[in-house]
Amino acid sequence: MDWWNAVNMGLLVVIWTTIVANLRGILRARVFWLLFFFVYTVTEVAAYAVIAVGGKTNLFIYNRSRPIQFVLVAAYLLSNMGLSRRNWYKYMAGAIVTAAFLYLASPESSYNSLVEVIFYAITLIICLFYFDRIIKSDEPIDFATSEFWFSSALFVYFGTAFWITGLISYLMERDRGLAGKLFFGLVISSYFLYGITLYALYAQSKSKPR
Amino acid sequence: MTESLYYIAVVASFVFFSLTVFIIYISVFHNKKKSVFRQELAKAQLEIKEQTLRDIAYELHDNLGQVASLIKINLNTLQLSDYEKSTQKIEDTKELVRQLILDLKSLSISLNSDRVVQLGFFKIVEQEVERLNKLGQLRVELTQEGPAPIINSNTTVILYRMVQELLNNILKHSAASQVTISLVASKNYFTLVIFDNGTGFDLTEKLKSGGSGLLNLQGRAKLIGADLSIKSTPGEGTQVRIELPFNSDATFESY
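Residue numbers (the numbering used here), protein chains in the order written: chain B, 1 to 210; chain D, 1 to 255.
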């Protein structure tokens, strides 16, 4: 097992252990986030397993998982925006249509950077609206119990991926060495996702009433 | 070309990461500022509550209590055998009761923060001036210039309580006979000046000896983003000036 995969799996185990320890609080406040992280973990584990058993590519797993992740991330972030129920359903309908488009547009087993970039861009825009809402609001938020750190983790992860993904497929065809280097950008962004998520879970567990 | 694109992606990622850190910093910074503001607001509200209770005690003792005592004296000294004198005393007592009811009403209005917000700053100050003039201890003149600004509810209440505290201080400590309140609203500022012809005081000395009332007023002014300045000379009265800046899109109410 490569070192980045080992770190990846190790951090996922730590995060899931923390999630299980704080399951009640997470289920109450952020079901969509939990579902997203579940799909994300299954994708990572399945992608590793396919390569481990001698598969040549695991792209089909990412390509099929991405629309589901997109819908769940959109549902989670939109839930934090203080939208009316009607508007939430309206935006979610838009997100599901976009996800369907992403699904149909994704080739089975190859890179489609445009589809990914659309997915990341929409996620980033929703995150930016969330931050804008926090900054403009008169009411202070409690960082420990709010969705701030979870949203920040998603923002860092999808934001870094936004810049790198588009180029990776281009480089794969021209310079595999550089593509490999760039791939580490994605690895590091996933570590940021895990790091900030762990901090968010830790802050939440410290603040829960005893 | 390929290598340049690679470096562009690396630089773009770093720029994005810095932007993320900046957004998180701004969010945390603003949130901290809002929390501090909430805490200070709560502290000021508590101080205002205590001040209000002191004012009620003062008002009950020095004004309403005095009128009630007069009513009691009138009724105790009533001689029913002397019809003419009794009729006069009953008329006087009826007038005192009417006065007492009016004073209670105006006191209750001046203490009710919802009422303060509902009436707006200019109108509530007008009512306070009327109330003080009725007490007859000193003469209060109110001048207004410019349209009355619509100030947000927290600011209105804090500003009005500051005015009440300043007027109470004048009543209790200054021995003034004349007070002038000037309210001036321009496009960018709302200026409130309270001048009294009382004994005045040495501001430096007052602050050295504690002067918690003045420091509280400074704190409240800071809380609502206003600037408070005090000029006082022993024997020459005191002038307090509060300047509250507006956003350029502030709206105005008509008198």
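You may find that some hints are simply not true.
Quick list of the computed label-pair ranges, beta carbon to beta carbon [what the hints assert, rightly or not]:
1. B:Ile51 <-> D:Ser35: 45 to 51 Å
2. B:Gly54 <-> D:Tyr25: 55 to 61 Å
3. D:Asn112 <-> B:Ser205: 25 to 31 Å
4. D:Thr2 <-> B:Tyr191: 23 to 29 Å
5. D:Val97 <-> B:Glu139: 31 to 37 Å
6. D:Phe29 <-> B:Tyr191: 42 to 48 Å
7. B:Tyr202 <-> D:Lys43: 30 to 36 Å
8. D:Thr2 <-> B:Met92: 38 to 44 Å
9. B:Arg85 <-> D:Ser153: 27 to 33 Å
10. B:Trp88 <-> D:Asp227: 40 to 46 Å
11. B:Ser207 <-> D:His61: 44 to 50 Å
12. D:Ser35 <-> B:Trp3: 40 to 46 Å
13. D:Thr2 <-> B:Val117: 15 to 21 Å
Just a sample of chain B residues kept apart from chain D, beta carbon distances all over 12 Å, derived [stated by the list, open to error]:
14. Ile15
15. Ile141
16. Phe155
17. Ile188
18. Ser207
Just so you know, the hints here were simulated from the structure itself, not pulled from any lab data. Just so you know, these numbers come straight off a predicted model, no measurement behind them. Virtual Cβ for every residue (Gly too), placed ideally from N, Cα, C.
These are the hints, each one checked on the structure:
Under the hint 45 to 51 Å, the C-beta atoms of Ile51 (chain B) and Ser35 (chain D), about 48 Å apart, fit the expected range. Range check, Gly54 (chain B) to Tyr25 (chain D): about 47 Å between beta-carbon atoms, so the 55 to 61 Å window is missed. About 45 Å separates the C-beta atoms of Asn112 (chain D) and Ser205 (chain B), a value inconsistent with the hinted range of 25 to 31 Å. Between Thr2 (chain D) and Tyr191 (chain B) the beta carbon distance is about 26 Å. The supplied range of 23 to 29 Å therefore holds.
Checked against the hint of 31 to 37 Å, the pair Val97 (chain D) and Glu139 (chain B) fails, with Cβ atoms roughly 48 Å apart. In this structure the hint that Phe29 (chain D) and Tyr191 (chain B) lie 42 to 48 Å apart at CB is violated, the actual value being about 26 Å. Between Tyr202 (chain B) and Lys43 (chain D) the beta carbons are some 31 Å apart, a value that agrees with the proposed interval 30 to 36 Å. A hinted range of 38 to 44 Å holds for the C-beta pair Thr2 (chain D) and Met92 (chain B), which are about 40 Å apart.
A hinted range of 27 to 33 Å for the beta carbons of Arg85 (chain B) and Ser153 (chain D) is consistent with their spacing of about 29 Å. Taken as a hint, the range 40 to 46 Å holds for the pair Trp88 (chain B) and Asp227 (chain D), whose Cβ atoms sit roughly 45 Å apart. For the pair Ser207 (chain B) and His61 (chain D), the beta carbons lie near 48 Å from each other, so the given range of 44 to 50 Å is met. A hinted range of 40 to 46 Å for the beta carbons of Ser35 (chain D) and Trp3 (chain B) is consistent with their spacing of about 42 Å.
For Thr2 (chain D) and Val117 (chain B), the Cβ-Cβ distance of about 19 Å falls inside the hinted range of 15 to 21 Å, so the restraint holds. Distance check on Ile15 (chain B): its Cβ is at least 20 Å (rounded) from any Cβ of chain D, clearing the 12 Å threshold; non-interface status holds. Taking the minimum C-beta to C-beta distance to chain D, about 6 Å, the non-interface status of Ile141 (chain B) is violated against the 12 Å cut. Listed as outside the interface, Phe155 (chain B) is inconsistent with that label: its C-beta sits roughly 6 Å from the nearest C-beta of chain D, within the 12 Å cut-off.
At roughly 9 Å from the closest C-beta of chain D, the C-beta of Ile188 (chain B) falls inside 12 Å, breaking its exclusion from the interface. No beta-carbon of chain D comes within 12 Å of the beta-carbon of Ser207 (chain B); the shortest separation is about 15 Å.
Hint check: violations occur at hints 2, 3, 5, 6, 15, 16, 17; the rest are consistent with the structure.
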